[in-house]
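So the protein sequences, as listed, match chains A and B.
In my numbering, each number is its position in the first sequence, counted from 1, plus 126.
In my numbering, each number is its position in the second sequence, counted from 1, plus 366.
Hints may be right or wrong, so weigh each one.
Subject to a maximum C-alpha distance of 20 Å in a straight line, what follows is the list of computed EDC-like cross-link-like pairs (lysine to aspartate or glutamate) [what the hints assert, rightly or not]:
hint	chain 1	residue 1	chain 2	residue 2
1	A	K431	B	E416
2	A	K431	B	E410
3	A	K504	A	D437
4	A	K315	A	E516
5	A	K531	A	E520
6	A	K382	B	E416
7	B	K375	B	E441
8	A	K384	B	E416
If the Cβ cut is set under 8 Å, some of the chain A residues that face chain B in the computed set are [stated by the list, open to error]:
hint	residue
9	P321
10	A323
11	K382
12	T386
13	L388
14	S392
15	V428
16	L429
17	N432
18	G435
19	D441
Chain A residues, not near chain B, derived (Cβ > 12 Å throughout) [what the hints assert, rightly or not]:
hint	residue
20	I181
21	T194
22	G207
23	G318
24	L440
25	G444
26	L459
27	I485
28	L509
29	M510
30	N529
31	K531
32	Y533
These are calculated hints, taken from the structure and not from any lab test.
Beta carbons: idealized from backbone N, C-alpha and C, even for Gly.
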Amino acid sequence: MGRIDPGDTAWLLTSAALVLLMTPGLALFYGGMVRAKNVLGTIMHSFFIMALVTIQWIIFGYSLSFGTDIGGIIGSFSWFGLSGVGLDPHPDYAPTVPHQAFMIFQAMFAIITPALITGAFAERMKFKTFVLFTLLWSTLVYDPLAHWVWGVKGWMREMGALDFAGGTVVHINSGISALAAALLIGKRKGYGLEPMAPHNLPMTITGVGILWFGWFGFNAGSAIAAGKLSVSAFVATHVATAGAAFSWLFIEWLIKGKPTTLGGASGAVAGLVAITPASGYVGPISALIIGWGGGILCYLAVLMKNKFGYDDSLDVVGIHGIGGTWGAIATGLFASKAINEAGNNGLFFGNAQLLGIQIITVLVTWIYAFGITFILLKILDRLMGLRVKEEEEEDGLDLSQHNEKGYNF
Amino acid sequence: MKKIEAIIKPFKLDEVKNALSAVAVQGMTVTEVRGFGRQKGHKEVYRGAEYVVELVPKIKIEVVVPDQVVPRVVETIAKAAKTGKIGDGKIFVLPVEDAIRIRTGERGENAL
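Bound-form chain A, shown alone (with noise of 0.2 Å):
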């Protein structure tokens, strides 16, 4: 049995915990761009995942997504109810650190995934379809896409894709999935004629920055040690990050006139996005490239979506979808073994394979997971309906939905 070794543990542990930090943190850059009468409704989507998927997850969820292998595509139920999830170490997935200490942490992943997709259809999701939707999707969509990245003898990780903290598991999966259930849940009532403003950007703004901490456990945590994987990991997260707020702000300021503190923030998270991925295979100088990118690209994305005239209402496709899409191939691009002798060399260093490798990867993410979450959403339509009624939408989320303000002053 591997040697439990006590920093590899400690970074870990802290790790999970900053990434569930993350969600309650989503909850604030979400609820804040949503209006004063859904920001209960927006903030409980995050709040009831935390509980919701951390019960699947403990239950059968893990044992799906890392356990042992049914023909590259799915985990089997050994592992049900963790059993077999001991705190000895697992000799692939966290050779130096108790096993359960990487399941929490993979936890924090499986419950952020789903919470990132409610962006899509805030202000008029029906809350019982919601509670149903999301347990079906982390089951059906989740789990297996995480088996396949992850999971040894996954599908993809035995072709060689490359991901190190889940931008293709979380991201572009939840943005995928985000597109398919704005289209089918349609536009919010009064779109494109009523003004819908954020309500509370200071609240949105103190999201971002929960989000940007937190995601130094989401990227350099994913080297389940600590030493030199997870520095190199933080400091491609967090330069990519400032090259993306950078390059969002200033194209916004040339194309729009003015920048804007919304622009900056949402230019960070996309930063984030497409790093993620690359964290643990790319060196400062390529991150910073990545940023700059992923800024400039998620917000040409988000201007596009006006466009095709869907109401994605915050963006999850523009910023996770494109911004995860993009990570993955720059992951392509600027890998290098000199960074992490585990992963391999991208094209800028010498190995076209790997980029070819990474754009099936995407799209074979972006089919399976657009095409089960649509007809999970259309057999949820038909059951149960997806939308609030007209009246419900009107008076807002929090009361039709949860019998309360947001703020009583």
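For chain A, the structure is supplied; the task is to place chain B on it using the hints.
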């Protein structure tokens, strides 16, 4: 008795309040309102989506005064609230049928 309703620019509230107490106006009601006349609103941009906000924040001051002081009060408000730029606001004078002081039951001008 007349009610004088004045819609003014928010930053002028203190000046108008002080000017009114200098002419012995005892009390007032102040509300935050939004509206527009000839003043243009402003533009807000959130992730590329542009909103033109036509309603401009203003302050509404309501005072009820005896008939004979109405011209003096109107002039006081107008002078204090004026900047000379579009959006300075308006003053309306309305008749008041009765007034009651809740604590004592006094009516009419004695209630003011």
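**Prompt:** What hint numbers does the structure not satisfy?
**Reply:** The structure breaks hints 18, 23, 24, 25; every other hint is satisfied.
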